[in-house]
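Numbering (this note's numbering), first residue to last: 1 to 157.
Just so you know, not all the hints are guaranteed correct.
Computed cross-link-like contacts, SDA-like style, restricted to lysine to any residue with a CA-CA straight-line distance of at most 20 Å [unchecked claim]:
| no. | residue 1 | residue 2 |
| --- | --- | --- |
| 1 | Lys68 | Met1 |
| 2 | Lys68 | Val97 |
| 3 | Lys68 | Ala27 |
| 4 | Lys68 | Leu16 |
| 5 | Lys68 | Gln50 |
| 6 | Lys68 | Ala49 |
| 7 | Lys68 | Thr99 |
| 8 | Lys68 | Ala21 |
| 9 | Lys68 | Phe93 |
| 10 | Lys68 | Asp51 |
Now the in silico label distances, taken between C-beta atoms and shown as ranges [unchecked claim]:
| no. | residue 1 | residue 2 | range |
| --- | --- | --- | --- |
| 11 | Trp101 | Gln22 | 16 to 22 Å |
| 12 | Asn124 | Leu38 | 37 to 43 Å |
| 13 | Arg84 | Glu45 | 31 to 37 Å |
| 14 | Ala63 | Arg115 | 33 to 39 Å |
| 15 | Glu56 | Leu24 | 29 to 35 Å |
| 16 | Thr112 | Arg83 | 35 to 41 Å |
| 17 | Gly98 | Phe53 | 33 to 39 Å |
| 18 | Gln60 | Gln22 | 30 to 36 Å |
| 19 | His43 | Arg23 | 19 to 25 Å |
| 20 | Tyr46 | Thr100 | 36 to 42 Å |
| 21 | Arg83 | Thr61 | 31 to 37 Å |
| 22 | Gln22 | Tyr64 | 28 to 34 Å |
| 23 | Leu20 | Gln50 | 33 to 39 Å |
These aren't lab readings, by the way, just hints derived from the structure by calculation. Quick caveat, the model's predicted, so the values are computed rather than measured. The beta carbon of each residue, even a glycine, is placed where N, CA and C say it ideally should be.
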Amino acid sequence: MIVIMAGLPGTGKSTLARALAQRLPGAVLDKDAIRAALFQPAHVEYSLAQDDFCQEIMLQTAAYLLAKDAEFHVLLDGRTFSRRYQRERVIEFCRQVGTTWATLECVCAEETALRRLAEAMAQNTHPAVGADRSPETPCRQRCELELMCRSGSALPH
């Protein structure tokens, strides 16, 4: 099974994914950690092209894990589904490999998310700490998510 972790930065996607992976037979594939492993800091760009590349690596890894154990749970983390075509790609992947999927959307108060992001920046504990994690980012991403939902392209549950 593929579990799509959705939600704005700082809402707890990574924390929940790690907790679920410990309780289930599962593993977390974190786009930010994969990006950090593949690219030296000077080559990290957070572009759509690099996001899509990292997402494909995640899906190839998921296919490998699911081929070894169809009961395994692969949790896709790292805000990989902000664009409709990215969600559609994962759903099509699940059809191709014959697995089920679910979406878990994490939400929290904006103050909580901002505090978590500030702590991660101060402690340099998140692989994407150099990304655009300014206070305006969650607001901008929330607007993008609201537009996505209004256009009828929200994540199916």
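Taking the hints in turn, this is what the structure says about them:
The hinted pair formed by Lys68 and Met1 meets the criterion: a straight-line CA distance of about 12 Å does not exceed 20 Å. Taking the CA atoms of Lys68 and Val97, the gap is near 12 Å; set against the 20 Å cutoff, the hint holds. Taken as a hint, the Lys68 and Ala27 pair is honoured in the structure, with Cα atoms around 13 Å apart against an allowance of 20 Å. Proposed proximity of Lys68 and Leu16 is contradicted: the alpha carbons are some 24 Å apart, above 20 Å.
Between Lys68 and Gln50 the alpha-carbon distance is near 28 Å, which puts this suggested pair outside the 20 Å criterion. With a C-alpha separation of about 29 Å, the suggested pairing of Lys68 with Ala49 is violated against the 20 Å cut-off. For the hint linking Lys68 to Thr99, the alpha-carbon distance of about 13 Å falls within 20 Å, and the restraint holds. Restraint check for Lys68 and Ala21: satisfied, since their Cα atoms lie roughly 17 Å apart, inside the 20 Å limit.
Of the supplied pair hints, the one linking Lys68 and Phe93 holds, its CA atoms being roughly 16 Å apart against a limit of 20 Å. Pair hint Lys68 plus Asp51 does not hold up; C-alpha atoms about 26 Å apart against a cutoff of 20 Å. A beta carbon spacing of about 20 Å between Trp101 and Gln22 agrees with the range 16 to 22 Å that was offered as a hint. At roughly 19 Å, the beta carbons of Asn124 and Leu38 sit outside the given window of 37 to 43 Å.
Our hint of 31 to 37 Å for Arg84 and Glu45 is violated, since their Cβ atoms are close to 22 Å apart. Judged by the Cβ atoms, the range 33 to 39 Å given for Ala63 and Arg115 holds: they are separated by roughly 37 Å. About 24 Å separates the C-beta atoms of Glu56 and Leu24, a value inconsistent with the hinted range of 29 to 35 Å. A beta carbon spacing of about 25 Å between Thr112 and Arg83 contradicts the range 35 to 41 Å that was offered as a hint.
With their beta carbons about 25 Å apart, Gly98 and Phe53 fall outside the hinted range of 33 to 39 Å. About 24 Å separates the C-beta atoms of Gln60 and Gln22, a value inconsistent with the hinted range of 30 to 36 Å. Taken as a hint, the range 19 to 25 Å is violated for the pair His43 and Arg23, whose Cβ atoms sit roughly 36 Å apart. For the hinted restraint 36 to 42 Å between Tyr46 and Thr100, the CB-CB distance of approximately 30 Å leaves it violated.
In this structure the hint that Arg83 and Thr61 lie 31 to 37 Å apart at CB is violated, the actual value being about 20 Å. At about 21 Å, the beta-carbon gap between Gln22 and Tyr64 misses the expected band of 28 to 34 Å. Between Leu20 and Gln50 the CB atoms are about 26 Å apart, so this pair departs from the stated range of 33 to 39 Å.
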